[in-house]
Amino acid sequence: MDRAVLGWAVAGGIAYALLPWYALEDGIFGFGWLSGYPTDRAGAPALVQALLHGRLALLPVAVFLLAPLAVRGVRGAGARPALLLTVGAGGTAWIAVQGFAVGGQPGIGVGGLVVFAALLMLFCVGMAAKGAFNGDRFVSGGIGTVVTLVVVFVFFPVSCVLVGAVEDSSGAFAPSEFWAKLSAREVWGLDCLSSSAGCGVAWNTLILGVLVGASTTALGLAFALIVTRTGFRAKKALRLLTVLPIITPPFVIGLAVILLFGRAGAFTTFMEQAFGVVPSRWIYGLPGVWLAQVLAFTPIAFLVLIGVVEGISPSMEEAAQTLRADRWRTFTTVSLPLMRPGLANAFLLGFIESLADFGNPLVLGGNYHVLSISIFFAVVGAQHDRGRAAVLSIVLLVFTLGAFYAQRRWLGRRSYATVTGKGDAGLHPPLPASVRRLVYATALPWAVFTAVIYVMILFGGFVETWGRDHRFSLRHYAAAFAVDVTEFGLHWKGAAWNSLWTTIEIAAISAPLTAAVGLLTAYLIVRQRFRGKEAFEFGTMLSFAIPGTVIGISYILAFNTPPIELTGTGIILVICFVFRNMPVGVRAGIAAMSQIDRSLDEASLTLGARSLTTIRRVILPLLRPAIVAALVFSFVRAMTAISAVIFLVSANYDMATSYIVGRVENGDYGLAIAYCSVLIGFMVLVVLLIQFVVGRRRLGRRAPTQVSLEGIPA
Amino acid sequence: MRRKSSFPKAMLLATCALTTLVLVPAAARGEGNLTLYCSPQIEWCQLVIAEFTKATGIKVAMTRKSSGETFAQIKAEASNPKGDVWWGGTGDPHLQAAEEGLTLEYRSPRLGELQAWATNQAKASNYRTVGVYAGALGFGYNTELVAKKKLPEPKCWKDLIRPDLKGEVQVADPNSSGTSYTMLATMVQLLGEAEAFEYLKKLHRNVNQYTKSGSSPIKAAAQGETTVGIVFMHDAVTMAVRGAPIKVVAPCEGTGYEVGSMSIIKGARNLESAKRFYDWALTAAAQSLGAKAEAYQVPSNKGAATPPQAPKLGEIKLIDYDFAKYGTSAERKRLLEKWGKEVKSLPQ
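If you're matching them up, the sequences are chains A and B in order. At position 582 of the first sequence the residue is numbered 582 (my numbering), and the sequence of numbers has no breaks. At position 316 of the second sequence the residue is numbered 1316 (my numbering), and the sequence of numbers has no breaks.
Please keep in mind that the hints were generated in silico from the structure rather than gathered at the bench. This structure is a prediction, so every number in the text was calculated from the model and none was measured. Some hints could be false.
[As the list claims (entries may be wrong)] Think about it this way: if two alpha-carbon atoms lie no more than 20 Å apart in a straight line, the pair counts; the simulated PhoX-like pairs of lysine-lysine are:
hint	chain 1	residue 1	chain 2	residue 2
1	A	LYS493	B	LYS1054
2	A	LYS493	B	LYS1149
3	B	LYS1158	B	LYS1202
4	B	LYS1292	B	LYS1201
5	B	LYS1292	A	LYS493
6	B	LYS1148	B	LYS1247
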């Protein structure tokens, strides 16, 4: 008898007979359940639940667990794997079905989780035994785990939302409502062409996305050209400016823009006093949202494009010049066309980012409505129209998936463009003078503008009332982060400590998990060949394209009731972050892994190491850049995400961003800004720390460039 | 050695930490606990729970969300409620929750101590909710901007449709804000439906933005981003007390009001604690806390001290607001749809 089969079956059996099957009110480490164990209804294992408490639906699970033990008696090569497959598939399916079908059960707990995992692993062992995945159990188990996780934490919740689209307010099936909501004038109306009334949200969203995509790409290209093709002095400062927006919590840029360009803003007041320009509200609406989003997303375009611009082989350009093309001609006919895939990629990332953005349209949108905001207010607004939210979610999903599809096609091309750059000893020709002037004229004012915005943000935390009373004051920091020294030690008095600790805890837990799941998935995609790989890859990347608001609502709908009951816990936040940020880990892992020669792990395998050992001893040490990338990004995203989080925070797990939103709602900008400044500073430290600990020597500045290949939806 | 093991070690640590998170109680529930959904501003919420814990020893886990968000959450959690009491926030979503059977019928022994408008709220909902404070609708304007533009001071609803205020008025979108829906319903009751919509169409020309949140307009006015903000008067008072150049106005024609309410969520896990909180929150002592947290609503307990800065309900011309009628889902939906079709879609 096989040790793996025996091991999993025994583990499942022990969990079935001994561990509490259901989730416990005060957790398994509350140990309150031990007092009534094993007969007490709440903490009883499945065996007792079935026999004493009449939960007969749990009995068949035992049959599935016992069956593999009888495998010894089964003859014939094909019969064994077939039995394992039946047991695994049947057992997991049974647990899921009875969880939904049998009412009155609490959420599934440790016992149920272990039994489910054991049955799943039996299924995977069966697959491997049948010859799938080259008979490699680790690969089979890895794929089984990732697929199950993605189905449970991405597909299941999202389908819960989509079902809502075809229901009326009472929950009955009503496809006609779906059509009415989808074709509504406020979604697709074109009134803005003929009158001063606004267009539908769908058009607004598209227009904004295209404008932001184009602008960020142009600016990103200008920055990339300055850094790679000119003798500009302060390149390091430019790079720093590009990192800042990524670690900036939402709302902040929008608020700073208001305080500069709002009707009572600094710039507006100056223009009025100096030139008599009548202050107006032009910033609210498309111009303001566009400005804030371009500020926030230009760095992403820059990071994508700098890789592309650097990667273009100088020998091509040198060849052009040898053939007597002047600099202008070389630039327009050789350099630019070679950048085209990168440009398209940057454009699509900016587009997707703009669609998913929540904070800036909320602060600056005025009467210009976009989908992400409309979805949020369809749920929390006075109408409470969840069906409408679902329909708008579908429109947004179609947009992002469409863009995502296009992006993936371009991503594939992009890699050809850059990889060939290796081994070229040539030098990039300098830019033609006209282009250089243009690039300087575009990028440098913008860099100064970004710097001004950040100075204003920092400044805002230290004044009495931002925009009105600019006397120096520490009261916002004191209100948020005061600490008392008492006889019992430190007393964290400030109002922000609670949410800050929670945020750090959740981010610190989810970052390594995201990295682990992401890199495992990347390994499976890059190093293994199996049927359905395309679908597998797409499934793991899907959560990337789903806007945060949709994810937030879907998690509430899916995980508030048994069998999976997670709302109100910290774990729902962790899970949300892990699966939202996993694609970044996957892409970083794929990028890094494809640079490692396959012969290395083949050598390890030939020498008799198993897949797991190979990963641990050979691949992981070579993957440090990808690990850093995944860790940094998931940490930062967990600290700055807002749109999904706002639905999932609970009494005991409040996050920094949702706390800040509350302050902004309350008009308490000073505290919000002070908190944001602290978060920014903290994240800079963490990023440096992670780089230092995990792999400073090998990475240098490669990590940020790699991460950046993936956009980061809000 | 360190290099080899750091990654697995980190994973192990993370796994342990995660397990702790899963298994350690989200909220230790039992006799002495309460999960509170709180809709007013957070300072008030925090003060209330601190005082309640001091008075009873019951530990409170509190989530602050706007009344719309809270209603959405309670509805989403209906099959497995997580909260016990929903305290504060404008009355309409409370009535809606009562109408949909999301909240529990409870007659507090303290009902007799309350103002008539608070008990009317309870009667309208079959005792599934009760009024805890009231606030009149009005508007506030930025005195600096009015002086600079040499505008006459707006005193009445009809002043807000003057052509010289074009692009100077801000109000929330009634589709997303209970405050603004109160205004819509107030106008309908004050002027009659046909005339109310004529008024709103004229107002539409002057509105520079329909905000999402109910109190945003007065914050914008305080910042100087708009001249007039239509809000609940107590929100305007808060801004004025903080030193913003805001003048609070009770419209001369008369105005509507909200009844901030409280409900026990049906299926509350800590029902005993919930009832104790409910009774305590209706006491004069508990209701006098608002002013300390810069909340200038009028308390519903007759014995509670009304903050001196609070708008005096007695001096404001209040309409006889029909909460029962305008709180129903059907009427709300009808008015909102009509407003969307006839007012919002007009060019400005």
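Taking the hints in turn, this is what the structure says about them:
1. With a C-alpha separation of about 18 Å, the suggested pairing of A/LYS493 with B/LYS1054 holds against the 20 Å cut-off.
2. Between A/LYS493 and B/LYS1149 the alpha-carbon distance is near 45 Å, which puts this suggested pair outside the 20 Å criterion.
3. Of the pairs offered as hints, the one joining B/LYS1158 and B/LYS1202 holds, with about 10 Å between alpha carbons and a cut-off of 20 Å not exceeded.
4. Distance restraint check for B/LYS1292 and B/LYS1201: the Cα-Cα separation of roughly 40 Å exceeds the 20 Å cut-off, and the hinted pair is therefore not satisfied.
5. For the hint pairing B/LYS1292 with A/LYS493, the CA-to-CA distance comes to about 18 Å; that is within 20 Å, so the pair holds.
6. Using a Cα cut-off of 20 Å, the hinted pair B/LYS1148 and B/LYS1247 holds, with the two alpha carbons roughly 15 Å apart.
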